[in-house]
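Sequences and hints are given; from them, build the entire structure.
Heads up: the protein sequence lines correspond to chains A and B, in order.
Reminder that position 152 of the first sequence reads as 262 in our numbering, one-by-one numbering, no gaps.
Reminder that position 92 of the second sequence reads as 111 in our numbering, one-by-one numbering, no gaps.
Watch out, some of these pointers could steer you wrong.
[To be verified] Below, simulated DSS-like cross-link-like pairs (lysine-lysine); rule was C-alpha separation at most 30 Å, straight line:
1. Lys359(A) / Lys108(B)
2. Lys108(B) / Lys431(A)
3. Lys240(A) / Lys359(A)
4. Lys108(B) / Lys378(A)
5. Lys430(A) / Lys91(B)
6. Lys170(A) / Lys108(B)
To be clear, the hints were calculated from the coordinates, so they are not data collected in a lab.
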Amino acid sequence: MPSLFSFTPQEILETIRMIQFENLDIRTITLGISLRDCAAANIEETCRRVYEKITRLAAKLVSVGDEVAAQYGIPIVNKRIAVTPIAQVGEPSHEEDLTPLAKALDQAAAAVGINFIGGFSALVHKGFTKGDRALFNSLPEALATTERVCASINVATTKAGMNMDAISELGHLIKETARLTAAQGGLGCAKLVTFCNAPEDNPFMAGAFHGPGEPEVVLNVGISGPGAVLAALRQYPEADLGQLATIIKNTAFKVTRMGELVGREVSKRLEVPFGIVDLSLAPTNAQGDSVAEILEAIGLERCGSHGTTAALAMLNDAVKKGGAMASSYVGGLSGAFIPVSEDNGMIRAVQEGALSLEKLEAMTAVCSVGLDMFAIPGDTPAEVIAAIIADEAAIGMINNKTTAVRVIPVPGKKPGDMVEFGGLLGRAPVMAVNPFSPAAMIRRGGRLPAPLQALGN
Amino acid sequence: MVKADDRAIITVLGRDRVGILAGITGVLAAAGVNILDISQTILQEFFTMIMIVDLRGNTLTLSTLQEQLRAKGASLGVQVTIQRADVFKFMHRI
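Pasting the structure below:
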């Protein structure tokens, strides 16, 4: 083709192949909205202001997203909203139950046509304010009585240490949420993320919230692309691991460029500042759109075998290196996601006995974001759930990284059973937990002191 | 000089048959869209045609043109997409 065009036919074909055959898409455009100015002395007024502000600022989010997707020919799978942690918004009302605010968020999300809104959240890594306490009290009810609202709790940071009282309490709240949503397999728990070092600008659900350092309103983008990485790797069965890292970097670069382009265009049309691109490999249950299958394409018989942690470390690092070149502003979680229920390769690995909860935990030490969307037996004691969260938070705290837990104790199910969540949340095999009890440690409570890594000044 | 903003890439994917080029170019001609370049190849067993077009003479909105191309493609048994050209440039270059 003539030199008038600054790209080659091969590049056009590559782009088309990635979109048409390899599930390349923009996973989410997430509008962050500050609700700080909505906090009022009574909760009805707060709810009214929250609903009004969200529906006003996000009125065009879906239509603009669809318009840009059509013009650029790249699917934008989800349009979502993240708001100021509701514990802070609800606090001035002095209410002990913030469920009405969850309902206001749910209604606002429905009104603007989005499937999830994040930010029913509290940051309690060092302790509770009155608003945080009220949010904790309302969690199970809020998750059980709303459809679109996602909750997150930050229980630990490298700088502050770990709030073991909050972690202990979450063990009980997660079980209660599962009980209230037992008819849907404990689905409420799929909308609750427990974080260590939570990012303030993460566009991905269920952990998205609009952090205290964020502007009034901002647009963040989450990319996808396991399918594109998998297809690229399969073309080079003989390459050594260093060459594989380069191939992954090249692919991550291209995927991220799409995120940057789409994000900037959407933010321009919405007249909202552009925040960050989150460079994550986010799997789905679509054929070939699997992080586990990437690890297997690198040369593991099954995800979860010995060698999985090393392969994942390389993958995660290469994704970041390629993506960091492609975007001026990288943020959020940025890394490979390994949710069990949303990745067909992970599901298979668990079903075949290749992947245990312990190995999954080891994998989270080298990638974002943590133990995600996994099911355990419904009769798992609250202290065990708290201990799972504590272990994961410790990995994040010591390694200066974000870790998270999204666990579903499925009522009435035992190891080996399957649970169906439907839609984006997929299906999960119930995994066995260690039968020995950590209860005495969890009951001690208190705070785990900030580690030596916190003393960096 | 045609600016990047004025250009779009049309891709046609499907089984090769008589009349694809005529059908697609007919829609473009009626809309006043000038074709700058055409190439064709095979991509993962599919017949693939790529056109670079100049949208400056386009009398329709991009979404209407998109819809007309999609409908024509459906009647020919092929998938037709039109995308703004900056997608391709942006993906491969900083």
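Here is what the structure says about each hint:
1. Lys359(A) / Lys108(B): holds (18 Å)
2. Lys108(B) / Lys431(A): Given that 30 Å is the threshold and the Cα spacing comes to 21 Å, the pair holds.
3. Lys240(A) / Lys359(A): violated (46 Å)
4. Lys108(B) / Lys378(A): Measuring from Cα to Cα gives roughly 19 Å; hence the hint holds.
5. Lys430(A) / Lys91(B): Violated, at roughly 42 Å.
6. Lys170(A) / Lys108(B): holds (27 Å)
The structure shown violates the earlier hints numbered 3, 5.
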